[in-house]
Amino acid sequence: MHVRHLSLTNFRLYARLELDLPMGLTIIQGDNAQGKTSLLEALHFLATAHSMHSNIDRQVFRWGVEEESPYPFVMLKADVQRRDGAHLVELAMQKGDGTRLKKEIKVDRVSRRGADLVGQLAVVLFVPGDVELTAGPPSTRRDFLDAALSQVDGAYVRHLDKFNKALAQRNALLRQAQERRIDPDELAVWDDQLVPNGVQVALRRRDLVAQLAQLAVPIHRELTSNLEYLQIVYQPNFDPDAPPAVHTPIQAGLGFAQAFENYDAEDLEKAYRATLKMRAVEEMARSVTLVGPHRDELRFKANGMDIGEFGSRGQQRSAVLSLKLAQVAWMRGRLGDEPILLLDEVLAELDPNRRRCLLNHIGSSHQTIITTTDINRFDAAFVQSATLFNVHSGIVHN
Amino acid sequence: MNKTSSLPPSVARLIDAFAQLPGIGPKSASRLAYHLLRAPLEHSMMLADALRDLKARTKLCSRCYNITESDPCEICMDEKRDQSLICVVEEPLDVSAIERVRSFNGVFHVLHGVISPMNGLGPDDLKINELIARIAKQATSDEPVREIILATNPTLEGENTAAFIQRKLAASKVSVSRLARGLPVGGDLEYADEVTLSRALEGRQQLR
Ligand SMILES: [Zn+2]
Numbered sequence: 009m010h011v012r013h014l015s016l017t018n019f020r021l022y023a024r025l026e027l028d029l030p031m032g033l034t035i036i037q038g039d040n041a042q043g044k045t046s047l048l049e050a051l052h053f054l055a056t057a058h059s060m061h062s063n064i065d066r067q068v069f070r071w072g073v074e075e076e077s078p079y080p081f082v083m084l085k086a087d088v089q090r091r092d093g094a095h096l097v098e099l100a101m102q103k104g105d106g107t108r109l110k111k112e113i114k115v116d117r118v119s120r121r122g123a124d125l126v127g128q129l130a131v132v133l134f135v136p137g138d139v140e141l142t143a144g145p146p147s148t149r150r151d152f153l154d155a156a157l158s159q160v161d162g163a164y165v166r167h168l169d170k171f172n173k174a175l176a177q178r179n180a181l182l183r184q185a186q187e188r189r190i191d192p193d194e195l196a197v198w199d200d201q202l203v204p205n206g207v208q209v210a211l212r213r214r215d216l217v218a219q220l221a222q223l224a225v226p227i228h229r230e231l232t233s234n235l236e237y238l239q240i241v242y243q244p245n246f247d248p249d250a251p252p253a254v255h256t257p258i259q260a261g262l263g264f265a266q267a268f269e270n271y272d273a274e275d276l277e278k279a280y281r282a283t284l285k286m287r288a289v290e291e292m293a294r295s296v297t298l299v300g301p302h303r304d305e306l307r308f309k310a311n312g313m314d315i316g317e318f319g320s321r322g323q324q325r326s327a328v329l330s331l332k333l334a335q336v337a338w339m340r341g342r343l344g345d346e347p348i349l350l351l352d353e354v355l356a357e358l359d360p361n362r363r364r365c366l367l368n369h370i371g372s373s374h375q376t377i378i379t380t381t382d383i384n385r386f387d388a389a390f391v392q393s394a395t396l397f398n399v400h401s402g403i404v405h406n
Numbered sequence: 071m072n073k074t075s076s077l078p079p080s081v082a083r084l085i086d087a088f089a090q091l092p093g094i095g096p097k098s099a100s101r102l103a104y105h106l107l108r109a110p111l112e113h114s115m116m117l118a119d120a121l122r123d124l125k126a127r128t129k130l131c132s133r134c135y136n137i138t139e140s141d142p143c144e145i146c147m148d149e150k151r152d153q154s155l156i157c158v159v160e161e162p163l164d165v166s167a168i169e170r171v172r173s174f175n176g177v178f179h180v181l182h183g184v185i186s187p188m189n190g191l192g193p194d195d196l197k198i199n200e201l202i203a204r205i206a207k208q209a210t211s212d213e214p215v216r217e218i219i220l221a222t223n224p225t226l227e228g229e230n231t232a233a234f235i236q237r238k239l240a241a242s243k244v245s246v247s248r249l250a251r252g253l254p255v256g257g258d259l260e261y262a263d264e265v266t267l268s269r270a271l272e273g274r275q276q277l278r
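Quick mapping for you: the protein sequence lines, in order, are chains B and C.
The first sequence begins at 9 in our numbering and counts up by one.
The second sequence begins at 71 in our numbering and counts up by one.
In case anyone wonders, no lab produced these hints; they're calculated from the structure.
Hints may contain errors.
To be verified - DMTMM-like mimics (lysine to aspartate or glutamate), calculated; alpha carbons at most 20 angstroms apart, straight line:
(1) C/Lys238 x B/Glu194
(2) B/Lys278 x B/Asp200
(3) C/Lys238 x B/Asp191
(4) C/Lys97 x B/Glu75
(5) C/Lys197 x B/Glu74
(6) C/Lys238 x B/Asp199
(7) B/Lys285 x B/Glu274
(8) C/Lys97 x B/Glu74
(9) C/Lys125 x C/Asp148
(10) C/Lys150 x C/Glu213
(11) C/Lys97 x B/Glu274
(12) C/Lys207 x C/Asp148
(13) C/Lys238 x B/Glu274
(14) C/Lys97 x B/Asp105
(15) C/Lys129 x C/Asp119
(16) B/Lys170 x B/Asp200
(17) C/Lys197 x B/Asp191
(18) B/Lys85 x B/Glu75
(19) C/Lys238 x B/Glu74
(20) C/Lys129 x C/Glu213
(21) B/Lys173 x B/Glu277
(22) C/Lys197 x B/Glu194
Using the sequences and the hints given, assemble the complete structure.
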């Protein structure tokens, strides 16, 4: 698929932008803080907005817009050309009184709910900070899984949304337990929402990781000149085989991940409930829900060694690149269409071998948008094949 | 920061009062206040009377906890209604919505909210204990409760509240049913159209 036209109002530093985007390769050049990354972010936001937490939503309003209008709004519009034809995807947010934020999503001019955005626009974003995916906090890895799944799986969006709401309510109830006696049924009814939705989230993450792991192996071999065998391991927070007491973030061996494949929703619900029961006292004492996919982990291993813990910066970078390229292949398979590739300053930091491999893999994409501060970092032939834009102070020049 | 401080105290007071209402922020509150300032005097007097009567004349029905001017309310006192069939709703407005349909011939029980720990609302803050007491009391009468229809909204909190009540009634003999799907998920009963609501009532599912 590709975006033919992008229209932004009050998004980040763009007061107004109307931009025709060509198929194939586009390079956007500009100094830092001029708005080139915001362009990629706008497309990513439009593709994943329904999965994001609302506190992110508020940050995209153009700075100073509140002084200009009592009810400021942000609007993102994309004309998307897909296998099944041309579509218009729109997302508008308006600040109301107090902390209210009204969000409206339209597809082909018809109002839709958030989950209906799934599959309308699919992107894979590469940013320099991605290298933190292996070694950074676990939440960055869960965010990666959420962003990937929420672009292709509407059911995932609904289950995750219900899970998060039930989790917030359950945590609030656990905090109240400090002040008043709680009826066991009060907790039990939240568990009845938490468990089935949490299990669906875990099952879908499990299947995603299994497929990504498989797709990533040959890519990673290519990236490392056959030196490394990459394993991507999903570690669910509740595991039928691993009692919580020995459940450490870094678990040696792949044995249980293999076994985890064989469990169905019913087994996992049992495991989830058993783990909740086992940690009930601790949850009460700490006033927080300790069991569930909000505590899942994802680990990367090269030849059996944990890359996040022990890998070099170069190894971490390669693992993330393999993961992202596997995501591209996975989305292609799920959507029957090519996702749009957004590369923010990534090519510059790659060595020639990794760069060649990346360019090989993005060759099949219908649209790739690359940002850079310095066009001279690319060779002439590469620049020749691309459409060039310059960005300065939120204005895009051809 | 108080933007109303430079205004005449009587105007500022009204704006502050409006701004405390749900869904009304400082900007809407100012608009309403200035609208009344420009409108004829009778307009303001009518509003003032209505506001005074609202609290002075109304109370909660001691049986169903709907808002009423007479206790028990007209619905509870209506002899043509089936006292053994109780429809449990979140808010008084939901009673009006179901009454508009005219196909329901039972009585109501108004919870006055849903369980939501995030909003500081637990079961004891709602009329759940009152519902259980009502069923127990009626059990010895000549018209014991036969069926409870849980008609809370199909939101996460509404579903959760229905599940909680169902657990509390597990030991009793009454049958418990849930309003059928077909209502928009996350939607309010209050806004459901009459055909949808009527179908939801007829197609209610017995939970046990
Ligand atoms: Zn009554």
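Hints versus structure:
no., hint, result
1, C/Lys238 x B/Glu194, "10 angstroms, holds"
2, B/Lys278 x B/Asp200, "12 angstroms, holds"
3, C/Lys238 x B/Asp191, "11 angstroms, holds"
4, C/Lys97 x B/Glu75, "14 angstroms, holds"
5, C/Lys197 x B/Glu74, "43 angstroms, violated"
6, C/Lys238 x B/Asp199, "16 angstroms, holds"
7, B/Lys285 x B/Glu274, "17 angstroms, holds"
8, C/Lys97 x B/Glu74, "14 angstroms, holds"
9, C/Lys125 x C/Asp148, "24 angstroms, violated"
10, C/Lys150 x C/Glu213, "13 angstroms, holds"
11, C/Lys97 x B/Glu274, "52 angstroms, violated"
12, C/Lys207 x C/Asp148, "19 angstroms, holds"
13, C/Lys238 x B/Glu274, "26 angstroms, violated"
14, C/Lys97 x B/Asp105, "7 angstroms, holds"
15, C/Lys129 x C/Asp119, "17 angstroms, holds"
16, B/Lys170 x B/Asp200, "11 angstroms, holds"
17, C/Lys197 x B/Asp191, "16 angstroms, holds"
18, B/Lys85 x B/Glu75, "24 angstroms, violated"
19, C/Lys238 x B/Glu74, "49 angstroms, violated"
20, C/Lys129 x C/Glu213, "26 angstroms, violated"
21, B/Lys173 x B/Glu277, "18 angstroms, holds"
22, C/Lys197 x B/Glu194, "15 angstroms, holds"
Hint violations for this structure: numbers 5, 9, 11, 13, 18, 19 and 20, all remaining hints satisfied.
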